[in-house]
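Whenever a hint applies, use it, and build me the whole structure from the sequences.
Protein chains: 4
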Amino acid sequence: MAKQTDLTSHFLRDPAFDDILGGEGLVRRMLAFEVKLAEVEARLGLIPPEAAQQVARSAASASIDMGQLAEAVALAGNPAIPFVKMLTAAMPEEAARYLHWGATSQDAMDSALAMQLGEVIAVIDQRLRTLGDMLAALAEEHRTAPIAARTLLQHALPTTFGAKVAGWLMPVIRHRQRLEALRPRLLVIQLGGAAGTRAAFGGAGELVSRGLALELGLDPSPLPWHTARDSLAEFAALCGLICGTLGKIAQDVALMMQTEIGEVLEGAAPGKGGSSALPHKRNPVAAHAMLAIARIAPGLVATMMAAQVQAHERAVGDWPAEWAVLPDLASHTGAALNHALAMMPALDVRPEAMRANLEATKGLIMAEAVMMALAQHIGRGAAHHLVELASRDAVRQNRKLSDVLAADPQVTTYLDAVQLAALTQPEAWLGDAVTLADAGVALWSRHLSGAD
Amino acid sequence: MAKQTDLTSHFLRDPAFDDILGGEGLVRRMLAFEVKLAEVEARLGLIPPEAAQQVARSAASASIDMGQLAEAVALAGNPAIPFVKMLTAAMPEEAARYLHWGATSQDAMDSALAMQLGEVIAVIDQRLRTLGDMLAALAEEHRTAPIAARTLLQHALPTTFGAKVAGWLMPVIRHRQRLEALRPRLLVIQLGGAAGTRAAFGGAGELVSRGLALELGLDPSPLPWHTARDSLAEFAALCGLICGTLGKIAQDVALMMQTEIGEVLEGAAPGKGGSSALPHKRNPVAAHAMLAIARIAPGLVATMMAAQVQAHERAVGDWPAEWAVLPDLASHTGAALNHALAMMPALDVRPEAMRANLEATKGLIMAEAVMMALAQHIGRGAAHHLVELASRDAVRQNRKLSDVLAADPQVTTYLDAVQLAALTQPEAWLGDAVTLADAGVALWSRHLSGAD
Amino acid sequence: MAKQTDLTSHFLRDPAFDDILGGEGLVRRMLAFEVKLAEVEARLGLIPPEAAQQVARSAASASIDMGQLAEAVALAGNPAIPFVKMLTAAMPEEAARYLHWGATSQDAMDSALAMQLGEVIAVIDQRLRTLGDMLAALAEEHRTAPIAARTLLQHALPTTFGAKVAGWLMPVIRHRQRLEALRPRLLVIQLGGAAGTRAAFGGAGELVSRGLALELGLDPSPLPWHTARDSLAEFAALCGLICGTLGKIAQDVALMMQTEIGEVLEGAAPGKGGSSALPHKRNPVAAHAMLAIARIAPGLVATMMAAQVQAHERAVGDWPAEWAVLPDLASHTGAALNHALAMMPALDVRPEAMRANLEATKGLIMAEAVMMALAQHIGRGAAHHLVELASRDAVRQNRKLSDVLAADPQVTTYLDAVQLAALTQPEAWLGDAVTLADAGVALWSRHLSGAD
Amino acid sequence: MAKQTDLTSHFLRDPAFDDILGGEGLVRRMLAFEVKLAEVEARLGLIPPEAAQQVARSAASASIDMGQLAEAVALAGNPAIPFVKMLTAAMPEEAARYLHWGATSQDAMDSALAMQLGEVIAVIDQRLRTLGDMLAALAEEHRTAPIAARTLLQHALPTTFGAKVAGWLMPVIRHRQRLEALRPRLLVIQLGGAAGTRAAFGGAGELVSRGLALELGLDPSPLPWHTARDSLAEFAALCGLICGTLGKIAQDVALMMQTEIGEVLEGAAPGKGGSSALPHKRNPVAAHAMLAIARIAPGLVATMMAAQVQAHERAVGDWPAEWAVLPDLASHTGAALNHALAMMPALDVRPEAMRANLEATKGLIMAEAVMMALAQHIGRGAAHHLVELASRDAVRQNRKLSDVLAADPQVTTYLDAVQLAALTQPEAWLGDAVTLADAGVALWSRHLSGAD
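Taken in sequence, the protein lines are chains H, S, C and U.
In terms of our numbering, the first sequence opens at residue 1 and continues consecutively.
In terms of our numbering, the second sequence opens at residue 1 and continues consecutively.
In terms of our numbering, the third sequence opens at residue 1 and continues consecutively.
In terms of our numbering, the fourth sequence opens at residue 1 and continues consecutively.
Derived from the structure by calculation, the hints contain no laboratory data.
You may find that some hints are simply not true.
From chain U, some residues computed to sit far from chain S (all C-beta separations above 10 Å) [said to hold, decoys possible]:
#1 Arg28
#2 Leu218
#3 Ala254
#4 Gln397
#5 Thr413
#6 Asp438
Taking CB as the label site, the calculated pair distances span [stated by the list, open to error]:
#7 U/Thr413 <-> S/Ala346: 18 to 26 Å
#8 U/Glu24 <-> C/Arg129: 33 to 41 Å
#9 H/Ala269 <-> C/Ala356: 27 to 35 Å
#10 C/Arg399 <-> H/Arg28: 53 to 61 Å
#11 C/Ala90 <-> S/Ser449: 45 to 53 Å
#12 S/Ser63 <-> C/His377: 28 to 36 Å
#13 C/Ala421 <-> H/Gly267: 56 to 64 Å
#14 U/Pro409 <-> H/Gly45: 52 to 60 Å
#15 H/Leu448 <-> C/His377: 55 to 63 Å
#16 H/Gly267 <-> C/Ala407: 22 to 30 Å
#17 U/Ala268 <-> C/Asp133: 56 to 64 Å
#18 S/Ala346 <-> H/Ala269: 50 to 58 Å
#19 H/Gly267 <-> U/Glu93: 50 to 58 Å
Calculated pairs, DSSO-like style, for lysine-lysine (alpha carbon to alpha carbon, straight line, at most 30 Å) [what the hints assert, rightly or not]:
#20 U/Lys85 <-> S/Lys272
#21 S/Lys362 <-> S/Lys400
#22 C/Lys400 <-> C/Lys362
#23 U/Lys400 <-> S/Lys400
#24 S/Lys400 <-> U/Lys362
#25 C/Lys362 <-> S/Lys85
#26 U/Lys400 <-> U/Lys362
#27 C/Lys85 <-> S/Lys85
#28 H/Lys400 <-> U/Lys362
#29 H/Lys400 <-> H/Lys362
#30 H/Lys362 <-> C/Lys362
#31 C/Lys272 <-> S/Lys400
None of the values given here were measured: they were computed from a predicted structure.
Cβ atoms here follow ideal geometry from the backbone N, Cα and C, with glycine treated the same way.
In structure tokens form, the structure reads like this:
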């Protein structure tokens, strides 16, 4: 009985990652492990060359019944044991006797996992790069577009949409640096034999291990890492970091897409973002998924952290905990990236709405500008107090802040109405926003050129 | 492209729960929701009776392409929107126009979820009951079998294996009480329409809601609960509690099954618990899975806790987070219960090994017994000190504790060698262990009889 | 060296709960445990009456050096061992010899914990009750005030603010039911002696246990629960549920308080919610803390779930994990409740802003109303399609939805301009909102009267 | 009212880290921030030089009432606002007016946090180095000492204790690499002003930011990172990785310290590891704490992951969530390292017990050795089957495996009794264990010499 259709398979999961990390993906790579193991062992004289050739031939034509395998896992306690048995049964005796020579279940599974993660990481890296390009282009396009910066969901000051997007871009650079640093720790061979001593290789363990690593496209590992799972947990954490960044972007988009705000909308498409009940609705859909994934990821990261406490030379319980959690986490991360890549080019950016929202508070958002101008004359504290009172009056009386201030002799002693009007233009108080947008874009270019 | 075979589908998951909670399971119950909604609405005169009949007829013959549906979810943002569209398309116009009348996506999905959880909860409850019966029988069978009680993994005192098992049993009673209390909070109808106001029912919302609840076997809900998700999180927490209890049992079994201890072994079976590398191995397999699940569950519970913060009348992000997490958590819980039910009757309990381990420390485990006897004469503190020193000497000199004590005049003033020998027999210091085992079994009977 | 001042001690923590659950709180209750234990044992003839009196006298005057105790914990592995030693040292020999008679560290600590949690739970329950009263009053006051219901942060339909608040209220009722059900599972005596067998009570263990429970205001426990921690984890989960509910309320408030929305504001007060840089800011502060706590709680709940896997008769590691996590979780929960209680009566509710926002979309929010009216004539599907197109035109052309519809002959065949204008008034499409607000308030009254 | 004594402050926490990360530690560094900010601004002509001097003088003599500050946080929503107010009030007007010029609360707090984390990281790094030295020495000392390798808590094969310890050492190298890579991402200045645009610096923001970074010993930051929290979450993850590694070591030690196994014991000391009830107990204490911390850390890491989703330019809720969680996580990590450093040199390693346990199964643990020898003649599959049967017989009949095999003609055709006896000596099947121990030690040396 197969697992039922997962209706979130294209929304919260990445079908491409599920293809790599699923059962068939694992079996395919365990087959490669067994074939290459035999090949290397034959080369080193540990097993007869004919045996290795037969292992390769039999593996090429082997057909593993996945349903039967899944059922056998429940008795065996891991997928490799019944896999090796089924493969053995499908081979002529001469090949079968040298299959899996010197290796243990976890060698096959962890090496396969490293191969799977190698493919997944390459895709993540590529997607991060594309996302970075998109964000850099978006930041550049809107480098001067004024928008309200919001702290604690309140208008704070004007910034530019480009600066905001540059802020989204910075973590993408760091994620790529992290991925790069992680590779040599994560994408390594596992070959320790039954308990990590490589006992059954008759002294040739290191040679087999290095040779096999080369064949499988993995780095060598100085020691087996059956119960040293820190690099797997580090990969999980990196997924958590990426999902967090994408969740932050999604939340900003969903907030800017609110009916009352409407500064940025997800692109419309037939069948996208509608409502079964409400004909006028245009819902965030990519943000919906990205935020969902940002909620899901932390719990899975925590499990991978907790599962590091693996007893002795192979853990009870903690090892299989990884099997359920890590592929899910990677698949969700892939999906979040996919949604981000779909969201960015279609983003409906509305500078006029940004401008309208900036002006909706009648100059209140320019309070700091006035305060700093006044502070030059009367000090920061007094200026803060004065502008705080004027802001309250402006709200209460529904007047422009500049008008209220222009009526206050404590202010007009230093700033006249014309100066106040100029001070309360958003463009007058963008600070370094444009420069920061540019700096972010430049940093991305420098990152791509390898200068960091 | 379908999700690949999940090789843990029979080891860490429960195929029966996946059947209930998977995509087909959801669609089947959403169909029931739509059919019964139309039926109730027709009865109340909201839609024509013929429309309801046609909805029922069309639903009965509807064939939803699950792969296509999964893909559409990625655009629509939830499964109900494309499901209603596909169902509409499969219906004659006269039926289609009254389909889903007044309801919203979340009404269909949450009501279907409540139906799914109702089935899941019934199975969990039944399994808890069977597990309780097994544990009660095991506790009774071994009520007097002495075993070392271990604190911080050190021998502490003798207890009985029956008392230990009775300790496993107590939480099972409490879990069933929790499940019973949760039912009326969890298994309730969701029917609020687009934003929880039941606006499209023309004032008949409460009648439709109550009528539909009755038809679907759910309890009525005084208010819609679109963004009040506490009872779902409570269900998740209960799963976490059950997985924790089973993880504790599994860990105890795995520890007792250690090569050096060998007091309890998981039952052997062809293909079970072997090793691909080691012909002599007999591995814990059920405990492997149960412990793995106890590691996985807390992260999923945390996500359901976090996902309660659902904005306004329908959440961005937090709602779909549930879709990925809750079915997994329930499926893992079902699997852990299955493993426990398979483990218990096959458990290979070895009282002789328990006895041998008790005696292996040459009476050290009886230190408290001697201390308390001495304490009657010289006070608790002095007795503790004296026995602590004797224990150290016994270890250092590899002698029996009773022999060391019998050579100490501070002791022999009060206790002679015969008394000391008697005091250091495990049976002499079981305390209430047998009574406690019996109390546990009795409590289970009382629980079954409904007296608690 | 004392722990430094925790600057969040009044913001994210509850000083009153920290007082109950902190080190002094634990020691005070462990003293009560030891005094009452001796008293009960004397009554049962296990120790001399004079000894019990002396224990009581010495405990009354004992002064435990908390700093020294904290340091000793690091060597001893738990607080009870050095506590008993320090208490012993402070007593005359005659009393000291009978101190802690038959008990173990965990007996003292867990019984003290049950006492602490009893006090904490009483306060939580009282605060939930007060919060419920406040929410019921708020729901009643604003039962008819129209406000936009928002799904995925988009305007959906009109509802009333009272109905929204009634939705916040429902989980409060359920939390109080959960608390009530939890009490008898959680507030129980722990008395098992060194390894749960009550060996050192000479057969009187059950009598001592019941007598002590009575003295300490706890329920009896049929078996010791040294490593059956489900009820503690259940308490943690309940804290997580409460924090989730309060986080949802906080998020709704923070969203409604956005500059562009301004429907509800946290009450202003001197020094509250200002900004060091921005004189015009009025920040959400209670919502800031409540949301923070809703983010913090799930991780702590997960740890308590994970820490249930306690080996044998006393756990290595998992038990002390509780000491760090449970008091923090309870303290945060207390703080979230405090913030909610401060927030509610001061809430600045602005029905005029709600109304203005409702009208800001020029009737779009009434789309469902029109659709359902049309659906009576042309079916739900066709009506949905027609109104979807009209909505798009209205947005594109910045016209009222009713005007766009009134220009469409497919519509005007069934609905004329007057009907359309009436249909697009928010009050015309509140559905059951007022009834639901009333139902929520009535349910709270019924809950208080004990009828549920 | 101060927070009560935390009795775990020396057991689960690191008082030195609490000193750095606590309230006083934060205030001290915020003072430095304000002083250096004024100094740099004066240098750049933004404020008068006298003002900067006065800020410095006033800060030097400022006495912040910490209790009052903690209470004010509850109203203000963060510690920096009341801190700046209190500091302002303590300064002459001329200094006060230029205090905090152009900065925002989060600038002061995040820069202070970066300084705090810089100190914490230096200590963590030093402790990891010392721990690495200790583990390398331990691995070297016991490089050839045979011990049972255990998989799923079952004897698997012989390995050496040195190889096991080398396995503990490898993650320590990787943690130091991670720490090194993290530094430039984490230890950076925060200076963005009210909303990240550096508006109030009049174009000199970048210069102020770079100058201030230099003064505070931090790296510059190209853009403000008010709501880009990935590097903080990465630090949290690294803490989680370190706690995981230490938890694994602790669990191995606690398991080897079991009464029945006794291969490695934590060092004894007065007051350490005793029991209030059991005079003979010698409990793991450092392992107790390390394992507890490994259970606690994942939940805190998850919160830091979740708290990355920070809205717009300053988050509601998610930011303060960090304040409660990050200092705790760091403090626990410090404590786990302290326990490891105390544990290692005092470890009581008992090679004779390791040897005894190896022999306890009468050669069973050598099953693979025999299988591989036989496999040379009859193939791996047949050999596995044959030795599996012999193993079962050996267990059932309580005989040596070599004796059972020597009685089987299918075996003796290829291997005689002498060969079988030799094959079942643990030393004969250590595989690469000694080489791997040496490789681990060499890798540590190479790491220290900077070659990796």
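Each hint, compared with the structure:
1. Every beta carbon of chain S lies more than 10 Å from that of U/Arg28, the smallest distance being close to 34 Å; the non-interface claim holds.
2. At roughly 32 Å from the closest C-beta of chain S, the C-beta of U/Leu218 stays outside 10 Å, upholding its exclusion from the interface.
3. Once the 10 Å rule is applied to beta carbons, U/Ala254 is inconsistent with being away from chain S; the minimum gap is 5 Å.
4. Every C-beta of chain S lies more than 10 Å from that of U/Gln397, the closest at about 14 Å, which supports listing it as non-interface.
5. Every Cβ of chain S is farther than 10 Å from the Cβ of U/Thr413; the closest lies at roughly 18 Å, confirming the non-interface assignment.
6. No beta-carbon of chain S comes within 10 Å of the beta-carbon of U/Asp438; the shortest separation is about 24 Å.
7. As the Cβ distance of U/Thr413 to S/Ala346 is approximately 37 Å, the hint placing it in 18 to 26 Å is violated.
8. Separated by about 38 Å at the C-beta atoms, U/Glu24 and C/Arg129 satisfy the suggested range of 33 to 41 Å.
9. Look at H/Ala269 against C/Ala356: about 32 Å separates their beta carbons, and that is inside 27 to 35 Å.
10. Take C/Arg399 and H/Arg28: their Cβ atoms lie about 59 Å apart, and the range 53 to 61 Å holds.
11. A hinted range of 45 to 53 Å holds for the C-beta pair C/Ala90 and S/Ser449, which are about 50 Å apart.
12. Between S/Ser63 and C/His377 the beta carbon distance is about 31 Å. The supplied range of 28 to 36 Å therefore holds.
13. A C-beta distance of roughly 33 Å is found between C/Ala421 and H/Gly267, which places it outside the suggested range of 56 to 64 Å.
14. Checked against the hint of 52 to 60 Å, the pair U/Pro409 and H/Gly45 fails, with Cβ atoms roughly 30 Å apart.
15. Under the hint 55 to 63 Å, the C-beta atoms of H/Leu448 and C/His377, about 59 Å apart, fit the expected range.
16. At about 28 Å, the beta-carbon gap between H/Gly267 and C/Ala407 stays in the expected band of 22 to 30 Å.
17. Taken as a hint, the range 56 to 64 Å holds for the pair U/Ala268 and C/Asp133, whose Cβ atoms sit roughly 59 Å apart.
18. A hinted range of 50 to 58 Å for the beta carbons of S/Ala346 and H/Ala269 is consistent with their spacing of about 56 Å.
19. Remark: the range hint 50 to 58 Å for H/Gly267 to U/Glu93 is upheld by a beta-carbon distance near 55 Å.
20. With a C-alpha separation of about 69 Å, the suggested pair U/Lys85 and S/Lys272 falls outside the 30 Å cut-off, and the hint is violated.
21. Taking the CA atoms of S/Lys362 and S/Lys400, the gap is about 5 Å. The hint holds against a cut of 30 Å.
22. Taking the CA atoms of C/Lys400 and C/Lys362, the gap is near 5 Å; set against the 30 Å cutoff, the hint holds.
23. Proposed proximity of U/Lys400 and S/Lys400 is supported: the alpha carbons are some 29 Å apart, at most 30 Å.
24. The straight-line distance between the Cα atoms of S/Lys400 and U/Lys362 is roughly 26 Å, inside the 30 Å bound, and the hint therefore holds.
25. Proposed proximity of C/Lys362 and S/Lys85 is supported: the alpha carbons are some 28 Å apart, at most 30 Å.
26. Our distance criterion of 30 Å between C-alpha atoms is met by U/Lys400 and U/Lys362, whose separation comes to about 5 Å.
27. With a C-alpha separation of about 73 Å, the suggested pair C/Lys85 and S/Lys85 falls outside the 30 Å cut-off, and the hint is violated.
28. For the given pair, H/Lys400 sits about 92 Å from U/Lys362 by alpha-carbon distance, which is inconsistent with the 30 Å threshold.
29. Among the hinted pairs, H/Lys400 with H/Lys362 is consistent with the structure: their alpha-carbon atoms are about 5 Å apart, no more than 30 Å.
30. With a CA separation close to 23 Å, the supplied pair H/Lys362 and C/Lys362 stays within the 30 Å bound.
31. Between C/Lys272 and S/Lys400 the CA atoms are separated by roughly 71 Å; this puts the pair beyond 30 Å, and the hint is violated.
Hint violations for this structure: numbers 3, 7, 13, 14, 20, 27, 28 and 31, all remaining hints satisfied.
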